[in-house]
Amino acid sequence: MAGAGYKLFSTGDVLSASDVNTYLQQQTVMVFASAAARTTALASVLAEGMVTYLKDTDVVEIYTGASWVSLDDPNAIQNSLLTAKGSIVAASAASTPAALAVGTANQVLTVDSSTATGLKWATPATAASGMTFISRTSFSAVASQTFDSVFSSTYDTYLVVIERILGTTGSDDLQLQLRYGSTTQAAAYYGSTTTFTSSTVYQQSSNAAQFTMASLISKAGQTGSAAFYVNGVGNTSEQASIYGNGTEAETPGGAYIFGCWAGTAQTYTGFLLKPSAGTMTGEVSIYGLAKA
Amino acid sequence: MTNETIGIYDHATGETIVREMTDAEQAIRDAEVAESNAAKSAKAAEAQAVEEAKIEAAAKLTALGIDPKALGL
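Chains A and B, in that order, are what the protein sequence lines are.
Taking my numbering, I'd label the letters of the first sequence as residues 1 to 292.
Taking my numbering, I'd label the letters of the second sequence as residues 1 to 73.
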């Protein structure tokens, strides 16, 4: 029977049928067309330790005395475990391989103790911190430029960057008004701007129709820039505040800082920039600052 | 007479419109510009009045034989 072990044959020994059966046939890797062919062939000689190769499945199996098991089972991962492209091997418990099917585009592997494997493919959450680009708008020779639907409940605070702002004359002021829906808030702005050049100039907006944020925005051929934060907009009806600074394009050159408060509470959704006279050209980028 | 041009960007639709102001919008714009100019003129006049008052005061002090510079003026 299989498991007879090893016999050292000496010169003149007789090779009996039993020797051939037990030391040779039953201790080799027997090749069969299928499991059914093996069952037929070994019906009366099955013995623990037999090893077979099945041609139809290309599997090497061992007879345990009770059943045939794959040679590499249970300590190897079977090809059949992975049934589709993108499947990966995880574990549903200690020493228990399990397949995890592929997720969808741009998902990432995430720990989740509620799933069978403790893993899942999930879409990464939007970054909870940092600054998010909302829009960039260029304008040329306009008497006003409106930015609608840029404030929402997604953020509490917004950063507005003004680049290459150029007015018609060197005496134009840059003014701001908030908007809610398609309505421009044209009253109750309270704020001040301080401009530092060869002298210090204060400019105040008190219950004004707009907030004058820069005393001068340009001198022909010289563009200015500014950046300001806006909060109290987009969420509920609030009195918004605006604060920032910039540089004016004017000889001898200077800087300005400003702050403003909108005395009328609204759910502001946008704003409008305009020169105090004439037209302006420039670019404006808007960013949202994450709440947490 | 041609009205001024305005730009409107709507982030909800992604649409940018550049168009001529309506007459009503232009009227508001003209009023705001006039208001801004008036405010500037008033501020300039105020600054001018302060400067003239300084000169007048200095002249009076000088007439009294007092050097304004000695007073730090």
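Note that these hints are calculated values from the structure, not bench results.
Each hint should be verified, as a subset may be incorrect.
Said to hold, decoys possible - Here's a subset of chain A near chain B, in silico, CB distances under 8 Å, partners left out:
no.	residue
1	D58
2	F139
3	V142
4	Q145
5	S199
Just so you know, even glycine gets a beta-carbon here, dropped at the ideal spot from N, CA and C.
Going down the list of hints, with the structure as the test:
no., hint, result
1, D58, "violated (58 Å)"
2, F139, "holds (4 Å)"
3, V142, "holds (4 Å)"
4, Q145, "holds (4 Å)"
5, S199, "violated (11 Å)"
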